[in-house]
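Trainee: Just so we're aligned: the sequence shown equals residues 34 to 297 in my numbering.
Everything labelled a hint here was simulated from the structure, so no lab data went into it.
Take the hints with a grain of salt, since some may be wrong.
Distance windows between CB atoms, simulated [stated by the list, open to error]:
| hint | residue 1 | residue 2 | range |
| --- | --- | --- | --- |
| 1 | ALA155 | LEU230 | 16 to 24 Å |
| 2 | PHE138 | GLY274 | 41 to 49 Å |
| 3 | GLU176 | GLN94 | 20 to 28 Å |
| 4 | SER167 | ILE50 | 41 to 49 Å |
Cβ coordinates follow ideal geometry from the N, Cα and C atoms, glycine included.
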Amino acid sequence: MVAEPLPGAAIELVDVIKRFGAHSVLRGVEFAVPEGEITVLLGPSGAGKTVTISHVVGLIQPDKGLVRVEGKNLARLTDVELNEVRQQMSVVLQGTLPFTCGLFFSLNVYENIAFALRQRKAWSEERIYEQAMSYLGLVGLRERAGAMPDQLSAGMCKRVAIARSLALEARIVIIDDFDSGIDGVRLSLLCETLFELQRETGATFLVSTHSMPSARRLADHVVVIHEGEVVTSGPAAETLGSSEPVVRQLVTGATRGPIRLRDV
């Protein structure tokens, strides 16, 4: 019997299992993202963060278990209904070539943001311009509005994608691989920007990262994942202060622990 949706959860994963061939990627992942808070999905590279995010967006269906967004089981939705759910989200994909962070490489930086706004908002071109340029300013790229994505660094592309996502003013903001390609100072500044915007808008944020400084700066709630399993989750201070071995290794950067460079 499937439990009823958890009150106050914007996103909920229940016993999600996913295999690709013989490889188990997610092994019973289960957590909730509280509405109106910033939840950080924290874990080392290869832990299953991106596959988890892909389930939340409905790009992948679980082999077992379920994913709910705002109380709706994504597996039971029609394509039209799933698109309606996605209209309430803005998403930054992982920064992989050739489609870095989901940017259109045939459009310049400004048009990447304007295109998304035209799809979602019945706004005048003047308002779209003001919105796009305002959010490019927030990520420090207003002067690169006319540049093409292939003229930017990977970190700049990520910042454009974040600006596009935030400009949509969605109820749910999802940012995968948040820290990828962004230097430490700008990462700290982006954390401040995201934190302030979330407090202003009350939107729900789900941010995946392997950056401990980012997790500390952003998170109200933390989910720690390792080898396709959630090892602990809860309020940020409590979770990051946990004695759980994966958490302690992430926090301290220790070379000894369950996170390894190679199999032994």
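Trainee: Are there hints from earlier that the structure breaks, and if so, what are their numbers?
Mentor: 3
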